[in-house]
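Read top to bottom, the protein sequences are chains A and B. When you line the first sequence up against my numbering, it's residues 303 to 664, in that order. When you line the second sequence up against my numbering, it's residues 8 to 322, in that order.
Please keep in mind that the hints were generated in silico from the structure rather than gathered at the bench. The structure presented is a predicted model; accordingly, all values stated were derived computationally and were not measured. There's no promise every hint is true.
Stated by the list, open to error - Restricting the straight-line Cα-Cα distance to at most 30 Å, the calculated cross-link-like pairs of lysine-lysine (DSS-like) are:
#1 B/Lys-317 with A/Lys-312
#2 B/Lys-30 with A/Lys-518
#3 B/Lys-98 with A/Lys-657
#4 A/Lys-462 with B/Lys-30
#5 B/Lys-30 with A/Lys-514
#6 B/Lys-46 with A/Lys-508
#7 A/Lys-462 with A/Lys-394
#8 B/Lys-278 with A/Lys-656
#9 B/Lys-288 with A/Lys-508
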Amino acid sequence: MAKEKEQILKIRDLDISFQAAAGNVHAIRGVNIDLYKGETVAIVGESGSGKSVTMKAAMGILASNAVVNQGSIEFSYHHEDGTPETVDILTKDKRWIRNHINGKRIAMVFQDPMTSLDPTMTIGKQIMEGMIWHFKTPKKEAWKRAVGLLEEVGIEDAEKRMKHYPHQLSGGMRQRVVIAIALACNPDLLICDEPTTALDVTIQAKIIELIKRVQKERGISVIYITHDLGVVAKVADYVNVMYAGKIVEKGTINEIFYDPRHPYTWGLLSAMPDLETEDERLYTIPGSPPNLLKEKEGDAFAPRNCFALAIDDKAEPPMFQITETHFAATWLLDERAPKAEMPAELSARIARMKKEAKVHEE
Amino acid sequence: MRNNEKENEKPLLVVEDLRQYFKASGNFTVRAVEGVSFKIYPGETYGLVGESGSGKSTIGRSIIRLYNPTSGKITFDDMDISGRLGKDGKKKLHTQMQMIFQDPMASLNPRKKVGDIIGEGLDIHHKYSSRMERDNLIREILVKVGLAPEHASRYPHQFSGGQRQRVGIARALIMNPKLIIADECISALDVSIQAQVVNLMKDIQQETGTAYLFIAHDLSMVKYISDRIGVLHLGHLLETGTTEEIFENPVHPYTRSLLSAIPVPNPLVEKNRIAESYDYKTSGLDYNKGTSHFVSGSHYVKCTDAEFEKWKKRA
């Protein structure tokens, strides 16, 4: 089954650092990500864990002080005549990426719709821009398609809205416009970088449902960057948990939520107050994310990890395989490690979650 | 929970029919807050939730008098603080009521050392007799919020986001306020740091007995920290009650849609769930016609009689 799936994106051993005034910031330290056609991968992590940088690398829009030390980002797509092609984005120059990838085959939805839209252009013009630039679509046809896109993303009075400027729209509508722009050139891959963080919960729910619907109708792949585990639960097929520039745990959505193995994932899941929590105190991960300016020996998460072993300070844990799809980078999974159980509150919560899920299945 | 005893207690803050209008131009007035009434008792946490533009921050700012309320009465600790403020009123307001803002980087003066930021209130109100006493007070408060005494001589940019918010909390706490208005104070922080700050706020409340007006749009955190909750939409306080009353038995359709919109971190459940949708324009409701209806305990909902009958049956 797994072999029949068509691979869209394959990131291998990606390693990126930034040259800053204060020194070398080692932001990405060996990231592997796989994405297949029609599937959704979520990348979860705190700010500064490198989730956005990874995706910017895939789009070829890294900041100018970024240095790619090693790795490859292989992106597969079909030419207009149907011949398949696989390219390593890191070896291509900016201009080629601009002509062949950005907006055309990979599109991105950013966090804040007010800063990603041009305030001096009508939204109609902004949606048509990509089509005209990439495919030389005649203006009349582009206009028609833009109206169609606006209707597809759930904006009423699309014809009238085409002439509006971004400031005339509400936050939720702006994000819908951004999604319409992203879809304008029929991309194979949609990258959503915290698409709902700036929005209210009610609007967030609508935008997520919109992205899900569009994905289903068009059969495109989606990468979701977020720190909200509730959103992840709703959208993702696979989850990658990132910490300090490394993926520390990856697996299917059910494996991550019902059988997490890495202490950081335990912490993330426990720190989220679910609505049934009656405890007086929230579980917290002590300390704060590490400063990537300083290279640390061993496991980067060790200082915040109450399950840390002696070896965590000396050597970085490799990825241990748990099932065919589930991996975690923690020494706790080594056969020589002492047995460590996840916190009692979390296992109780997971048991409760499973029970709820059963009720829903019946 | 603690409601029964509260009935006899005297409320710390009483807001009655608060209205806050802003004149946008000659013939257009923004009605940000429309007749909101609620009470906060000593030592409790009142959560105000609502989407952006619902007027929740405006209420906080009107109470602490960053705005002058258009009409309505605000009583704080037996003193009317809604009209013109006298010298006593100002002093009381500036010492007994404090505010924590959303973005810790924007609310801390980058050119001042953290110790001076925290000590500013002490300086203005002459709360110490010697330099030593001042420094000791600052050190104590820094330790209380989980920072180290030597942090007093650093600048805000040398701290992480979570630490900066701790400085913001320390600045509010040092005046020993009876009420702290926390305006989206955890929204800008990371998940793991949010939990740390919320735990800290809870610990401080237990220790000092200060009351919080907790303004947020994240309902799961509000549920966790609040004793009572008020739901705001378009400037109207639609529903208020204890946290259990609101979450177990939401009556107003807006509250129900708000609750159902929270994504549950449980993939098998969440994937099959569809959020209840609610749109004011098409719902046929008119908030201006609503009056307060009693549901149970301290649970009230704002609607017309007919609507109330209809919703009660469904619940």
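Hints and how they fare:
1. B/Lys-317 with A/Lys-312: Not satisfied, since the Cα-Cα distance of roughly 55 Å exceeds 30 Å.
2. B/Lys-30 with A/Lys-518: violated, 46 Å
3. B/Lys-98 with A/Lys-657: violated, 55 Å
4. A/Lys-462 with B/Lys-30: holds, 29 Å
5. B/Lys-30 with A/Lys-514: With a Cα-Cα distance of about 41 Å, the restraint between B/Lys-30 and A/Lys-514 is violated, given a limit of 30 Å.
6. B/Lys-46 with A/Lys-508: Cα-Cα ~34 Å, so violated.
7. A/Lys-462 with A/Lys-394: violated, 41 Å
8. B/Lys-278 with A/Lys-656: OK: B/Lys-278 and A/Lys-656 at ~14 Å, within 30 Å.
9. B/Lys-288 with A/Lys-508: Answer holds: B/Lys-288 to A/Lys-508 is near 17 Å, not above 30 Å.
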